[in-house]
Amino acid sequence: MGKMKPLFSTNTDKKKYLFAGMVVVATISLAFLVNRLMPHASLSLLFLTGVLVVSARTGLGPSLLSSIVSFLAYNFFFTPPYYTFEVADDGDVATLLFFLIIAAITGNLAARMHLEIAKRRTSLQRISNLYEFSRRMSSAASESTVLESLADHLAKSLERPVQVFTMATGEDEEPEQRATANNPIPIASDRLKLVWNQGLVNSEAAPELHAIRLATRTGVVGMVVIDGILDDEQLELTKSLCDQATIALDRTQLVEDLEQAKLVTETEQLRSALLSSISHDLRTPLASIIGSTTSLMEYGDSFSTTDRKDLLSTVTTEAQRLDRHIQNLLDMTRLGQGKLKLQREWVDLHDIISSAINRASVFKDKVTINTSVTNDVPVIWVHGVLIEQAVVNLMDNAIRFTPEDGVVTITAIDSGGNLKINVCDEGPGIPEKEREKVFDMFYTIRQGDRGQLQGTGLGLAICRGMIAAHGGTVTAKDGLQGTGTCMQIIIPIEIPEN
Amino acid sequence: MSSESAIKILVVEDESQIRKFLRISLEAHNYIVYEARLGEEGLMLVTSLNPDLVILDLGLPDLDGQNFIEQLREWSQIPVLVLSVRASETDKVQALDAGANDYVTKPFGIGELMARVRAILRSSDDSSNSATVFESQGLHVDFTTREVTVDGTAVHLSKKEYTLLRLLVSSHGQVLTHQQIIREIWDSTHQDDVHYLRVLVGQLRQKLGDNPAQPRFIMTVQGVGYRFSIL
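Chain order of the listed sequences is D and W. UniProt numbering applies: residue 1 is where the first sequence begins, and numbers increase by one. UniProt numbering applies: residue 1 is where the second sequence begins, and numbers increase by one.
No lab work stands behind these hints: they were computed from the structure.
In silico lysine to any residue, SDA-like type, Cα no more than 25 Å apart, as pairs:
#1 Lys309/D with Ala28/W
#2 Lys15/D with Ile28/D
#3 Lys437/D with Arg271/D
#4 Lys8/W with Ser76/W
#5 Lys366/D with Glu41/W
#6 Lys309/D with Arg37/W
#7 Lys309/D with Arg19/W
Covered stretches of chain W, going by a simulated chain D footprint (3 or more residues, C-beta under 8 Å):
#8 21-30
#9 103-113
For every residue, glycine included, the Cβ atom is placed at its ideal position computed from N, Cα and C.
Using the sequences and the hints given, assemble the complete structure.
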């Protein structure tokens, strides 16, 4: 754009001349129609209007042409002597001159206007392209998105092949092609390395290419190679696009660093939670055991028989508690490492629930346990030990949270292809917003208060893991009659393939 | 506290099993034992029962042991023995600096606990008696004349060394944190200058003929402070 084009150089020019001719013919026809109604001098105004229309819509050439043809037609058809090109009146010569002058002026104006509009349109396009590009840059989430967008956009605006490289990390440091648009540029890797190191625009190593390096605050992170030589305007554009891409790369790098840091912190937190959990949960029962046994050994002779029995029962219950913690930790490790292999077998749910009740918390005598398993609950094809452990974990919690003389209710029903097991307690209930969190590892309600409820914060996580292995879910719901909590296990009832 | 039979001990601990063996063992030694499961309950019992010693678990459900000690120390100097499963030294130091007299780390043998209980009760007894002479394992300290002898041989101590020795023997058996000792000997502006204290302890041990690797008198409690040998 912005260059004068020769006449008839393009199709659009031909169209413009055709348009001019058509307008003139239309003007002549109109002039014949209105000839009777107005004096011939006024007809010149009609032709002038035609010329104006042509010059406003086209450019200088067509408007000059139309002014000449209009004048000739006016002269031939509508001025005496009719049907000759003779000019009887000097006034008609003046008319011709006016026609030419007006055509020249308006044609010029129109041409300039068209040019201006075209320029505006291109710059608008460029701006909206740039805007679109910067929008993509600022929303790009990863390095590769940035690099691909850059290659795409450069190739589109420059209309030539573009390639983007980054330095491969590792022992053999070599520029690595990351994104390419249009055709790949043939360039040998040793030359590429040279270009990378020189990092010059239009470097000596590759005079027919343009190479622009992308340098962030941490150093050169990438390089753009463009096939061919760029003019100043294109170079400016390319540079500004590269600058934006560099900022975006900087940002994505920061985001990645942050993510990394977050991951490290989370791992660290999990590790310290694990450590404090182990140290608390293993040492507390040990403290009771060691304390009781040393008491018996050192002062046992002076104790009453009841006291001695009491201390011995402490040793037993605490040793069992310790065993449960260790079992939990082992289960968790198995689940965590994904080594859990389901060994499905036909199991009667009644058996699972009754043995779960037997295994459940040592404090189960302080509450009443109601069970209701409907007879239509089928024999199920599951890994029995895991389902039992999941139910035991839920019951341990239910018993622990239910006040003395309260009721723990266990129900199981077959609900359209799913087995639903509910374990409901009369405890304090779980606030709505904590109902999902209780399944997190090491999460216990009322943090910092581990001793009272003796939880590891692992039981529910393990329960969920074991049920999930069967394709089921465990969720916390409102308790019966509005108090306490119901833990609901839902397992799809499966049938073995053979 | 004239006779042992009158000594009252309050156990503040949320683990019922630990409370049980503590009660049985302490009662076998003719102490009167009261129990509290929660911190608030414990503080109330201290006011109503006025016990001679509080055995406190640091990890209470309702109240951090640290807060318990701070609240208690606002109005009472009753000795506190801390039980803690926390492995971290800073927790113990914090508890001691807050005003606890000593600590036992869970799990512990009952013998160790009993020794600590006796040491605390004895030293609180000593201070009320304001003894003028200290005698233990060949070490003789006369508080009126400031004379110190080891196995009959006179030892000449500097003013600071003597202050440190007096501090340790007057609460013998109990651990004193670095900060507590520094505060007494220098002032609070030297709070972080633990190395001064190490040098001073080294000098004192040398003069007392104490082998730092197997000390007879001054025991190092790593990361916490020092205590005078309990035996």
